[in-house]
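Spelled out, the chains give:
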Amino acid sequence: MEKFTSHTGRAVPLRRSNVDTDQIIPAHWLKKVTRNGFEDGLFEAWRKDESFVLNRPERQGATVLIAGPEFGTGSSREHAVWALQNYGFKAVISSRFADIFRGNSLKNGLLTVILPQETVERLWAVVEADPQAEVTVDLEAREVRAEGLNAPFELDENVRWRLLNGLDDISITLAQEADIAAYEAARPAFKPTTTPVG
Amino acid sequence: MGRTLAEKVWDDHVVRRAEGEPDLLFIDLHLLHEVTSPQAFDGLRLAGRKVRRTDLTIATEDHNTPTLDIDKPIADPVSRVQLETLRANCAEFGVRLHSLGDVEQGVVHVVGPQLGLTQPGTTVVCGDSHTSTHGAFGALAFGIGTSQVEHVLATQTLPMARPKTMAITVEGELPEGVTAKDLILAVIARIGTGGGQGYVLEYRGSAVRALSMEARMTVCNMSIEAGARAGMIAPDETTFAYLQGRDHAPTGEEWDAAVAYWKTLATDEDAVFDAEVFIDASELTPFVTWGTNPGQGAPLGANVPDPASFEDPQERIAAENALTYMGLTAGSPLREVKVDAVFVGSCTNGRIEDLRAAAAVVEGRRIADGVRMLVVPGSVRVALQAIEEGLDKVFTAAGAEWRHAGCSMCLGMNPDQLAPGERCASTSNRNFEGRQGKGGRTHLVSPQVAAATAVLGHLASPADLSDAPQLVEA
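Chains as they are written, first to last, in my numbering: chain G, 9 to 206; chain E, 2 to 475.
Chain E with its partners taken away, still in its complex shape (with noise of 0.2 Å):
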């Protein structure tokens, strides 16, 4: 019988298989980020043990840095700690790090592919959940513990018990307007936030195809919010191609031999998934989250569900909960809901296409009175590459913030928050309680729709704005 990406990819890693152990995977890249390392370096320190590769570690700064002032000594003196620890474990353990400042810098989700690190058939892991991001070029990427990164960090495997696989079959034509991020919060509310749980998902068909290598990072990045570590895209040209030429593809020979072996990797056709859904991408729209988690979503057309209408008496008292937290009434129009926020960035939607969308939007507009908008690209070479398209005075121009890179507000470690009961509409991938500050209520968006809603002052989509612009896709 065939096998399907997930499976190939994992077989081709696998150590040492024992009957009853899990199988002991090889890592052939392990990104670090200052959060879940400090313990895991002190793990190896109080054991006496090395980093076993370093050459397959690398390191930067996200979670914690300032988009404000970054040449300045850091305001917040526990963040400061936390980055200065991680600086100072990369050097005692000889790890390649991207300090604030350096060009390389940026989140850990964006620097991994721009830098051509992130190749097809290779396993991928990161303290971080969203490191399913990186299945977009056929890796085998998941998010991992601290108890895990120090495993990682002291013998380059891990043990890991075989998941099971998922087909995500999205077949037709994406309609205008219509993106990545609205076809991965389609899934999730079709699936549910544990409809992955056990599962590596493989998002295929047309729709799929079609798809850029950035939109393609936007859907397997948000994996997770359906409960499956992983998600993966099989390589195909559009792969290929965005790798050629960059620092850590390989080159002649190794380049042709590396293509080779890539294009075994797409899922046999007498391949078996032990599940599969199907879904129709002409009857996608834009989407939006209502609730506080991101399985909580709908069309952006529709309007805020009755709890009532849930069976699941969970599901229920998670609508009620949700929307009193969301101070949002069943029933209303989601085009109504007015906001005090909007973020572009992440590592769902900080690329460089996602920049160009929102800019596309905002271009000769105002933002709203009363809104705040702020752009932060996923790396300093997103910002770098935005700003020689003149991106930040687009943005700057129409009244929104243009900021350094880092995580910032998707997570709000840093000062970038909400105030409490501040509504904002983001790109980022989480809308769970509090995510972006105390109190804060998030609905998750495309960059379209978020740039939209800015102009707005509520959810809307480009469509909503009477002279819409031609859109750009993303």
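Okay, chain G solo, but in the shape it has when bound (with noise of 0.2 Å):
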């Protein structure tokens, strides 16, 4: 996984609440068999509209986005964080997302950050006022900054250092090979395998 310690990019500001996975990568995309690959099928299906946030000149090359509440419900497709990535969106900010699209984009190096939903809206007003305005999320001092606004955000301390050191979640497990042995020695008897019966 890529290190994660502070970005400073332009921002798109998304105002919507509950964009759902299906909306982030649409399931066609689905078929696709690797990780990458996906940039075109980000928002599909909102980018046939010209008005369309994402399809302004202005936000060309934009790698923060800023969105409505709930982000990221549905489908666990991973696809969606991939798509996200692809784009170039490091970091994605809302005041709730959804668990499992938050677990798989941490795991990928994409920042999902929570901010109080009223931090949200300073936060679009400042980036629709002027396009050009950076925004800054740094996970070592933990906080988002833009012009006038300074916000502090939390995230799990071992989250954190994982995503700081930019670590390997199976290497970690795999370097506690005896405990898991251990347990498997312990588990009853009466617990299901797949073998195929008879």
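By construction, these hints were calculated from the structure, which means they are not laboratory data. It should be emphasised that the depicted structure is a prediction, and the values quoted were computed from it without experimental measurement. Heads up, a few of these hints could be off.
Said to hold, decoys possible - So the derived list for chain E, only partly shown, Cβ under 8 Å to chain G, looks like this: (1) V36; (2) T37; (3) A76; (4) S80; (5) T86; (6) A259; (7) N294; (8) I388; (9) F433.
Even for Gly, the Cβ is constructed at its ideal location relative to N, Cα and C.
Need the complex rebuilt from these two chains, each delivered in its own frame; the hints are there to steer you.
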């Protein structure tokens, strides 16, 4: 996983709540068997509308997405995270994220930042008033900074440590193999296996 | 202090616990399908890793599979590559797979329970958010992303932060014609699409106890639509009766040992939930969604809501967007909404009781002119059972299409899709924009409401049919 320490970039205000992962990346894109090449599928249906915020010339090259509450609901598809990253987003800010999407984002180094809705509204106002305004998402200092705004955010310390160091979860767990083997040895015999019967 | 069902199952699976770290949980059962696994297998290959426990892993093909001409090569080349990739990965890594054409093939969340693999007190994961379905057995079951699929394949564990617990207590009797689907849609409308975030839900109370195993699966299935990764129901005699004799259920002394353990799992009387919701079953009615998220639902007898009636500005904007997308007018009766299509199936409502309930409504009737009705069994086993009972004939005689098993029109990854602007009454779980096909409009309903809607051509319950038959419980 790529390290995340701090990122500064222009932002896209997405004034919508309940942006589900079917909107982020429609199902027909899920037939791909790779982790890349999803950028054109990002918000595919909405991007057909010329006035959609992502299509505006002044939003090209933006790297921070500021979305409404309940971002990433629905399907567990990690392709939603890949699509946002493939497009160029480094961080997403919202007042509420769906659990599975949030977990997926943090495992891929896409920083999802939870801020109170009133702070999200202030950020929207800043980046709508000036599309060139930059937003900094600083994981080391655990704060989001923009013109006239300095908002602290919380993140689980263990998750933060993994992101700051770009650590691979599987390697960490495999270092605890003895614990896994000990647990396996003590599992009750009645637990099911998938070994074909009869 | 006592513990809840979720806490007991969690505690029994902790491989490692350390201050400042997530718990490392052991996973008893890992279900795979073609869509969320290819990149995980690639990751294993790149790192030179194996599948740690192939004996706790099983795969089926469901999301992409066609429901017509399944004996012919798959027409869509991209879908075909994805299915072939799963087959190659399962062969290479030694994972049991039930492919298209196999008698055990079907929607992953229908297959696990019918094989008896889903058992009380187990941890079950799958790269699919509707893994919550398996919580109906008192399993802790939740959807995961592809990175976690790779993690489970490599280690049979997952590092997880301990969730909070929420009790959804439903007391009383469901009125006639009100189903598990109506119950869960009402729960989602009540707590919202984010209400369950960070929680494991436990459905309790006399109305839940009275539900059949399949109806319990319908309830737990849609926990994710309320934002909860998992929903659970304490195992009881209904659970044990469903499991006994299934392929992978324990037998002999192991059965006795298992049941003795399963009986210890129910939430202790002095356990405390982090949040509680109470629902009076007698107040529930057939429920339908009018919007583009599963929380935007209302009783069938209600009118399309006026966005101005929502106090929260985000909800108001969401309602305005939803009515525009859905082509609905605020204040018009939901019963007058005409449909083009009806879909009966999915991991929510694609089991035999669901098909029986829908068949009982259409039996001896014709579906309305201009309405296309698709019936897609959740698995090949469900299909065979339905055929044995003659349900396929009931559906086709009424003018419906009887298809092969799979996810089908629930998510529109295979050719079963709505055309732009088409409106569908669907027994599936998501009414998101474009979910059932680009520009398609979805109303989530129970199998009974789906069937009555097919007959009348507009949203309706069986009670709206002039000579309404005796209802079948589902």
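Do the hints match the structure? See the list:
For E:V36, the interface hint holds, since its Cβ comes within 8 Å of a Cβ in chain G; the closest pair sits about 5 Å apart. With its C-beta approaching chain G no nearer than about 7 Å, E:T37 sits inside the 8 Å limit, and its interface hint holds. At its closest, the beta carbon of E:A76 sits 13 Å from a beta carbon of chain G; the interface hint therefore is violated under the 8 Å criterion. Proximity of E:S80 to chain G holds as hinted, the smallest CB-CB distance being about 6 Å (cut-off 8 Å).
Satisfaction of the interface hint for E:T86 is found here, the shortest Cβ-Cβ separation to chain G being roughly 5 Å, below the 8 Å cut-off. Contact between E:A259 and chain G, as hinted, is supported at the beta carbon level, the nearest pair being about 4 Å apart and thus within 8 Å. The restraint placing E:N294 at the interface with chain G holds, with a minimum CB-CB distance near 5 Å, inside the 8 Å limit. Against a cut-off of 8 Å between C-beta atoms, the interface hint on E:I388 is violated, since the closest Cβ of chain G lies about 23 Å away.
For E:F433, the interface hint holds, the least distance from its beta-carbon to any beta-carbon of chain G being 4 Å, beneath 8 Å.
Of the hints listed earlier, those the structure fails to meet are numbers 3, 8, in rising order.
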